[in-house]
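Chemist: These are the residues of each chain, in order.
There are 2 protein chains.
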Amino acid sequence: MKIRAEVRLKPGHFDPEGDVTAKSLRELGFPVDAVKVGKVYVLDVKVNSKEEALRLTEEMCRKLLANPVKDDYTIEVLNT
Amino acid sequence: MKIRAEVRLKPGHFDPEGDVTAKSLRELGFPVDAVKVGKVYVLDVKVNSKEEALRLTEEMCRKLLANPVKDDYTIEVLNT
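If you're matching them up, the sequences are chains A and B in order.
Position 54 of the first sequence, counting from 1, maps to 54 under our numbering, and the rest follow consecutively.
Position 32 of the second sequence, counting from 1, maps to 32 under our numbering, and the rest follow consecutively.
Because the hints were derived from the structure by calculation, they are not lab data.
Incorrect hints may appear among the rest.
[What the hints assert, rightly or not] In silico lysine-lysine, DSS-like type, Cα no more than 27 Å apart, as pairs:
| hint | chain 1 | residue 1 | chain 2 | residue 2 |
| --- | --- | --- | --- | --- |
| 1 | A | Lys70 | B | Lys39 |
| 2 | B | Lys63 | A | Lys2 |
| 3 | B | Lys63 | A | Lys50 |
| 4 | A | Lys70 | B | Lys50 |
| 5 | B | Lys2 | A | Lys39 |
| 6 | A | Lys63 | A | Lys50 |
| 7 | B | Lys39 | A | Lys2 |
| 8 | A | Lys39 | B | Lys39 |
| 9 | A | Lys50 | B | Lys10 |
| 10 | B | Lys2 | A | Lys50 |
| 11 | B | Lys46 | A | Lys46 |
| 12 | A | Lys23 | B | Lys23 |
| 13 | B | Lys10 | A | Lys46 |
| 14 | A | Lys39 | A | Lys63 |
| 15 | A | Lys39 | B | Lys63 |
| 16 | A | Lys2 | B | Lys46 |
| 17 | A | Lys50 | B | Lys46 |
[As the list claims (entries may be wrong)] Per the computed footprint, the stretches of chain A lying under chain B, defined by three or more beta-carbons under 8 Å from a beta-carbon of chain B, are:
| hint | stretch |
| --- | --- |
| 18 | 25–32 |
| 19 | 41–47 |
| 20 | 63–77 |
Note that this is a predicted model, so its numbers are computed, not measured.
Every residue gets a Cβ at the ideal spot worked out from N, C-alpha and C, and that includes glycine.
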């Protein structure tokens, strides 16, 4: 089953990678005020139900993929 | 205007970060076959129309955010 987990900084957290990206885009002439950078994980998980996949992926986010102090995450099932 | 650009490896390209993430998840006991990692950029762009925002973001992906050799990207307008 393919699951998509998106990990993004919580609002208000400092995002140096986003700031550098915004600066580079402005130097190229793009009218960009700000950029926030996040990560997407597309996971191929061996489970039998959507519920189990979502539960396990939530646990993966808490234990490895996201930083509980500064990240938010969203999870969705792509296909079964 | 907030625009979301998602940059992911084209199918078939080697993804060392994804492979390491999959290995770590398996070591934690998760039944994961494979992981692909991508990036999400949420861009605050100063433009007057959706069309202009999409056109500029497409150009940003080609010029800076994505590697044309190995990345695919998708763009969507989040709000105006």
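Chemist: Each of the hints needs a verdict: does it hold here or not?
Modeler: Comparing the hints with the structure gives:
1. A/Lys70 to B/Lys39: 17 Å, holds
2. B/Lys63 to A/Lys2: 30 Å, violated
3. B/Lys63 to A/Lys50: 38 Å, violated
4. A/Lys70 to B/Lys50: Since the Cα atoms of A/Lys70 and B/Lys50 sit roughly 31 Å apart, the hinted pair is violated (cutoff 27 Å).
5. B/Lys2 to A/Lys39: 17 Å, holds
6. A/Lys63 to A/Lys50: Since the Cα atoms of A/Lys63 and A/Lys50 sit roughly 20 Å apart, the hinted pair holds (cutoff 27 Å).
7. B/Lys39 to A/Lys2: 17 Å, holds
8. A/Lys39 to B/Lys39: 5 Å, holds
9. A/Lys50 to B/Lys10: 26 Å, holds
10. B/Lys2 to A/Lys50: Since the Cα atoms of B/Lys2 and A/Lys50 sit roughly 31 Å apart, the hinted pair is violated (cutoff 27 Å).
11. B/Lys46 to A/Lys46: 44 Å, violated
12. A/Lys23 to B/Lys23: 35 Å, violated
13. B/Lys10 to A/Lys46: 23 Å, holds
14. A/Lys39 to A/Lys63: 16 Å, holds
15. A/Lys39 to B/Lys63: With a Cα-Cα distance of about 20 Å, the restraint between A/Lys39 and B/Lys63 holds, given a limit of 27 Å.
16. A/Lys2 to B/Lys46: 36 Å, violated
17. A/Lys50 to B/Lys46: 40 Å, violated
18. 25–32: holds (count 5)
19. 41–47: holds (count 7)
20. 63–77: holds (count 3)
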